[in-house]
Amino acid sequence: DSGVTQTPKHLITATGQRVTLRCSPRSGDLSVYWYQQSLDQGLQFLIQYYNGEERAKGNILERFSAQQFPDLHSELNLSSLELGDSALYFCASSVRAGASSNEQFFGPGTRLTVL
Amino acid sequence: GQNIDQPTEMTATEGAIVQINCTYQTSGFNGLFWYQQHAGEAPTFLSYNVLDGLEEKGRFSSFLSRSKGYSYLLLKELQMKDSASYLCAVRGYMEYGNKLVFGAGTILRVKS
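In order, the protein sequences belong to chains A and Y. Residue 93 in the numbering used here sits at position 93 of the first sequence, with consecutive numbering throughout. Residues are numbered in the numbering used here as their position in the second sequence, beginning at 1, plus a constant of 1000.
Hints were generated in silico from the structure; no laboratory data involved. Certain hints may be false.
Stated by the list, open to error - Lysine-lysine pairs mimicking DSBU-like chemistry, simulated, CA-CA at most 35 Å apart:
| no. | chain 1 | residue 1 | chain 2 | residue 2 |
| --- | --- | --- | --- | --- |
| 1 | Y | Lys1068 | A | Lys57 |
| 2 | Y | Lys1099 | A | Lys9 |
| 3 | Y | Lys1068 | Y | Lys1111 |
| 4 | Y | Lys1081 | Y | Lys1057 |
| 5 | Y | Lys1111 | Y | Lys1057 |
| 6 | Y | Lys1081 | Y | Lys1111 |
| 7 | Y | Lys1099 | Y | Lys1068 |
| 8 | A | Lys9 | Y | Lys1068 |
| 9 | Y | Lys1057 | Y | Lys1099 |
| 10 | Y | Lys1111 | A | Lys9 |
| 11 | Y | Lys1076 | Y | Lys1111 |
| 12 | Y | Lys1057 | Y | Lys1076 |
| 13 | A | Lys57 | Y | Lys1099 |
| 14 | Y | Lys1068 | Y | Lys1057 |
| 15 | Y | Lys1068 | Y | Lys1081 |
| 16 | A | Lys9 | Y | Lys1076 |
| 17 | Y | Lys1099 | Y | Lys1076 |
| 18 | Y | Lys1111 | A | Lys57 |
| 19 | Y | Lys1057 | A | Lys9 |
| 20 | Y | Lys1081 | Y | Lys1099 |
| 21 | A | Lys57 | A | Lys9 |
Unchecked claim - So these bits of chain A aren't anywhere near chain Y, every CB distance computed over 12 Å:
| no. | residue |
| --- | --- |
| 22 | Thr7 |
| 23 | Pro8 |
| 24 | Thr13 |
| 25 | Arg18 |
| 26 | Arg22 |
| 27 | Ser31 |
| 28 | Gln44 |
| 29 | Tyr50 |
| 30 | Gly58 |
| 31 | Phe64 |
| 32 | Ser65 |
| 33 | Ser80 |
| 34 | Glu82 |
| 35 | Ser86 |
| 36 | Arg111 |
The model shown is predicted, which means the values in this text are computed figures rather than measured ones. Beta carbons: idealized from backbone N, C-alpha and C, even for Gly.
Chain Y on its own, in the form it takes in the complex (with noise of 0.2 Å):
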């Protein structure tokens, strides 16, 4: 089976760096998502790992180490739209299908 854990909640202030914890444990891996999604709405997708180390989108960074079953989500220049839940996923092998097990989610609050 699969498990994800994520911290339930952070406060940030605007402008700073926080980072967003993940920790894993599969019977197989075979990639990390992290997904936005605000209250009431859909997620939605902001990155992807498969390898090792860090992939930089912007103000929005997502690193894995797949020995450790970890990765993190690094926001920077927080601005208070980034209030939301940050959603971490594993993917599963499967061969023909394509099954996301996501984590509880984990709430940022951005405050002035």
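So here's chain A without its partners, still in its complex pose (with noise of 0.2 Å):
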């Protein structure tokens, strides 16, 4: 147990829909992380926060989006579903935000199937 909680475990919706996926960092960790895991497309780094403020964004869709709230959880909210956005979205956490950082801590995943 990594000590970083994702809810829920699993999420089936449909096309065109708004869902949101939580992620309560590990005790101390000030840095989440949000990654996009699918069978075609290997482990997409998608964005950070570091202690509420965005600090690195990777290969985000428009259509999604984040935000870490002052007691350091975050969400990741994802609007108008598509087939291709079913995929496991993990949430890590680190203690730091920048270079002095090491190891990540990966959540359980999320299980998103859109329909």
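Since each chain sits alone in its own frame, please combine them into the complex, following the hints.
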């Protein structure tokens, strides 16, 4: 158990809908990262937040947005869902934000299925 | 940008040693990570290299050559539970952020 929690574990929805994925980092970690893992794309970095502020951005679609709240939990919002958005979404956390930080601890993931 | 290459699949025998290679091209380098991921589960951290050389951690070792853009993960005394995907990830230099770029992963199958 990494100490990172994610809810829900599974989510099934229809195209065009909007969903929110939630992540709570390990106690004391200020940085949260979101990743998407689909069968044909591997693990793709989406976005990083540190202490409430966006710090790094990957290949995140405009239909996706995220935020980190004062209590450090984070939410990833996916809207206008398409079949291709079906994937495992992982959240990870680390203590610090930049080059001085080392490993990221991954949560169990949310499996999103878009029908 | 960053590009990371690893073999797609490898098979090895229980008790043996296996080496999983990773080559990368990056515009800025600030560390290389290896993660293990069992199917449908979260990646778990194995090792981190930022300087050239070998880092040993029990049955797992990781090597880095920055000049060659090359790393390998060495697994000794293979066990059936080592069957998993092994992900190589490179961190590029970012002043305020911490972005990891992952390779597609190497699926290791350990047979008895």
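Does the structure keep A:Lys9 and Y:Lys1076 at a Cα separation of 35 Å or less? holds (34 Å)
Least C-beta distance between A:Tyr50 and chain Y, which was stated to exceed 12 Å: Check fails; 8 Å does not lie beyond 12 Å.
Next pair to validate is Y:Lys1099 with Y:Lys1076; report whether the Cα-Cα distance is within 35 Å. holds (30 Å)
Does A:Arg22 sit more than 12 Å from chain Y, CB to CB? holds (16 Å)
Compare the distance between the alpha carbons of Y:Lys1099 and Y:Lys1068 with 35 Å, and conclude whether the hinted pair is satisfied. Given that 35 Å is the threshold and the Cα spacing comes to 21 Å, the pair holds.
Restraint status (C-alpha distance of A:Lys57 to Y:Lys1099 at most 35 Å): Given that 35 Å is the threshold and the Cα spacing comes to 8 Å, the pair holds.
Compare the distance between the alpha carbons of A:Lys57 and A:Lys9 with 35 Å, and conclude whether the hinted pair is satisfied. holds (24 Å)
Cβ separation check - A:Ser80 to all of chain Y, threshold 12 Å: holds (25 Å)
Is the Cα-Cα distance between Y:Lys1099 and A:Lys9 35 Å or less? Measuring from Cα to Cα gives roughly 25 Å; hence the hint holds.
The output says A:Ser86 does not contact chain Y. Does that hold with a beta carbon cutoff of 12 Å? holds (14 Å)
Are the Cα atoms of Y:Lys1081 and Y:Lys1099 separated by 35 Å or less? holds (29 Å)
A:Thr7 clear of chain Y by more than 12 Å, beta carbon to beta carbon? Answer for A:Thr7: holds, closest chain Y Cβ roughly 14 Å.
Of the numbered hints listed earlier, those contradicted by the structure are 8, 18, 27, 28, 29, 30 and 36.
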